[in-house]
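Line by line, the protein sequences give chains X and R. For what it's worth, this note's numbering labels the leading residue of the first sequence as 3, then goes sequentially. For what it's worth, this note's numbering labels the leading residue of the second sequence as -8, then goes sequentially.
Treat the hints with care, since some could be wrong.
[Said to hold, decoys possible] Just a few of them, taken from the derived set where beta-carbon distance is under 10 Å, the chain X residues facing chain R:
no., residue
1, M124
2, E239
3, G261
4, G371
By construction, these hints were calculated from the structure, which means they are not laboratory data. Just so we're clear, the structure is a prediction, and the values are computed from it rather than from any experiment. Where a beta carbon is used, it is the ideal one built from N, C-alpha and C, also for glycine.
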Amino acid sequence: MAETKLREYTKEEIKEIRKTRTPIPEQDPVARGKNFDEVALGYTEEQALREANRCMACKKRDCVAGCPVEVPIPEFIELIRQGDFIGAARKIKEKNSLPAICGRVCPQENQCESLCTLGKKMEPVAIGRLERFVADYERMHGSGSGGEDVKPEPTGFKVAVVGSGPAGLTVASDLAKLGHEVTIFEALHKAGGVLVYGIPEFRLPKAIVQSEVEGIQKLGVKIELNSVVGKLYTVDELLERGFDAVFIGSGAGLPWFMGIPGENLNGVYSANEFLTRTNLMKAYLFPEYDTPIKRGKHVAIVGGGNVAMDAARTALRLGAEKVYLVYRRSMDELPARKEEVHHAIEEGIEFKLLTNPVEIIGEDGWVKGIKCVQMELGEPDESGRRRPIAVEGSEFVIDVDTVVMSIGTGSNPIIPESTPGLELNKRGYIVADENGATSKPGVFAGGDIVTGAATVILAAGAGRKAANAIHEYLMSKVKN
Amino acid sequence: MANKILEKRELRSDLFFFVVEAPEISKKAKAGQFVIVRPTENGERIPLSLADINPERGTISLIVQTIGVTSTKISTLNVGEEISDIAGPMGHPTPVKKYGRVVLVGGGFGAAPLYPIGRAMKEAGNTVISITGARTESLLVYEKELAEFSDKVLISTDDGSKGHKGVVTEVLKSEIEENGADLVIAVGPAIMMKFVSLTTKPYNVKTLVSLNPIMVDGTGMCGACRVSIGGKTMFGCTDGPDFDGHLVDWDLLMARQRTYLAEEKEAMEAYTCDCVPHS
């Protein structure tokens, strides 16, 4: 399979390259702040080979334990070292259906890479970048998603999957590979869930999501777009219509607002709306695309997670002169990925830390400024992070014309309201066991609708576990 | 789902009636609900009320007034063509039960979504009075349709060319004073629904209004459609579209509806000048 003329590294060379990870080429920060093209350009074959040779192939394999879906990391890196890039991609796909996506958006620094043995003394192996490289290589040179050439024996069971985000796509692909007939019901007009409406083009090109979706369709998975489960069909109706099991992966729900005065002024967006208009509806190409968005000159993003970083960097690309990230704790508590924070700083996003909005000031119905209060950190709260406390008399106003609230989401009521017998927790999320089983027989759930907003890989991991549980559930029905 | 256009009628130069094939939606939809429509690949998603629901035929009816690019694009589609995307039914149905005397007030093409609501109210055993108005007789729509089930259809025109000379709220006021009402349902422009609510308030007649804030997904995900009801922020799509008209913050609704006026103008200019690629 080796198509590449391999560069042989001598022992001395390996000793030397192990010291530093191979940098990934990126667009210049000033240039990229004005376009929606991908920021990181990806490894060349040479760079991937160099980075793969940094892996010590240690016996501990802690990296695998750090991965929510247990990708066989040392094995796929070994295949890269041998020049078998397609083999490496397929090796990952044994455990993760979405490597091109996870290679880009996983918080590897807190997962696999944080446990890398090499990382104890030097920089850890850039596992995420290698994952991305092989997935991209396979997409460009290989034969689709892999595995679809081996058609499984049909089991005759039908499974409905609600939502085509990372959880739904993983469940669908796993179950299809086991021979079940899978239909995904997607509420929007495009498949991919948060991968298409939420994560911006510059961090995850939509063509890549499309390619992953097509790979799953090649496995025989059907996708019904514009199908809002809970409205068009209830979960019970899906079961009555001949589906033997239902997986609910409907994702993060309603956007939260702070409940402060002025929050309904024109120019105040939820991050979901801001990102959906831009990414899914392509408002950045307005008026070629019909969906508009306010291109604020001075924009405040409230929040500190990955979504806040995405919103801030999107505002910049829409033409903002000044983008402030308003976060009530300090840099140390920022929940966003380090890499995204670093990219945001490079691009000129101004961090207003230990700052909490108390009012949005308007003029003629439009945002004019955001009144904030300075915070200081007290004792740790139930989340383990130091509790922010307002400093008395410290109010000040930041002049902005647009505010994006990125402080999280609550559960969406559509499925709970329409599904009697589905147990919910007190915050309205679906109660499911570690394998995704809910209180309703045959109904499974996973991803953000169970855990609240989390990461792509955790949703995919929940999908994987649920797929196994659904398979077991279906196969036990045969015996009866 | 095909979304094929089976019928198209021009009701006025700016008002188009469509019957669209949507078997699954038609089986599920109830009066008062709406759909989210994206007419073409580059199109915007907009909410449209259901003007009729026919589960036997597997169709839904939509009425579109050409205001912006999206509605204009829909109006150019012809019988046999397909609407790219229709998602729904969204929102909660209008609560239909026996109230007694139900007065429907339609402003502009708001009379269209009142059609399935009024019919359902009639079937539930109510006396149904319909009030509809326009600037002048030639702009009146849906008079005949409302008459199909209404015990009485009352008309008003600004110029007096038909029915009462004046506005619908004057007709509504005298109807309430003469015969009383147990429920008023108003559908139309926000300003009209606001004045209907102000009219019914002194008589303490329960008034349902179908709000039409700007929306994107229609499933509660984006929060664009937030409205203030009795001082509480709610979402038009998942909490509505019907709300108690006496509790609505109308000024906020109208202000938020104006968010994209400048962009709508720009989009319309770009669409009509043929200077940007469109589909």
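Hints versus structure:
{"no.": "1", "hint": "M124", "verdict": "43 Å, violated"}
{"no.": "2", "hint": "E239", "verdict": "9 Å, holds"}
{"no.": "3", "hint": "G261", "verdict": "8 Å, holds"}
{"no.": "4", "hint": "G371", "verdict": "18 Å, violated"}
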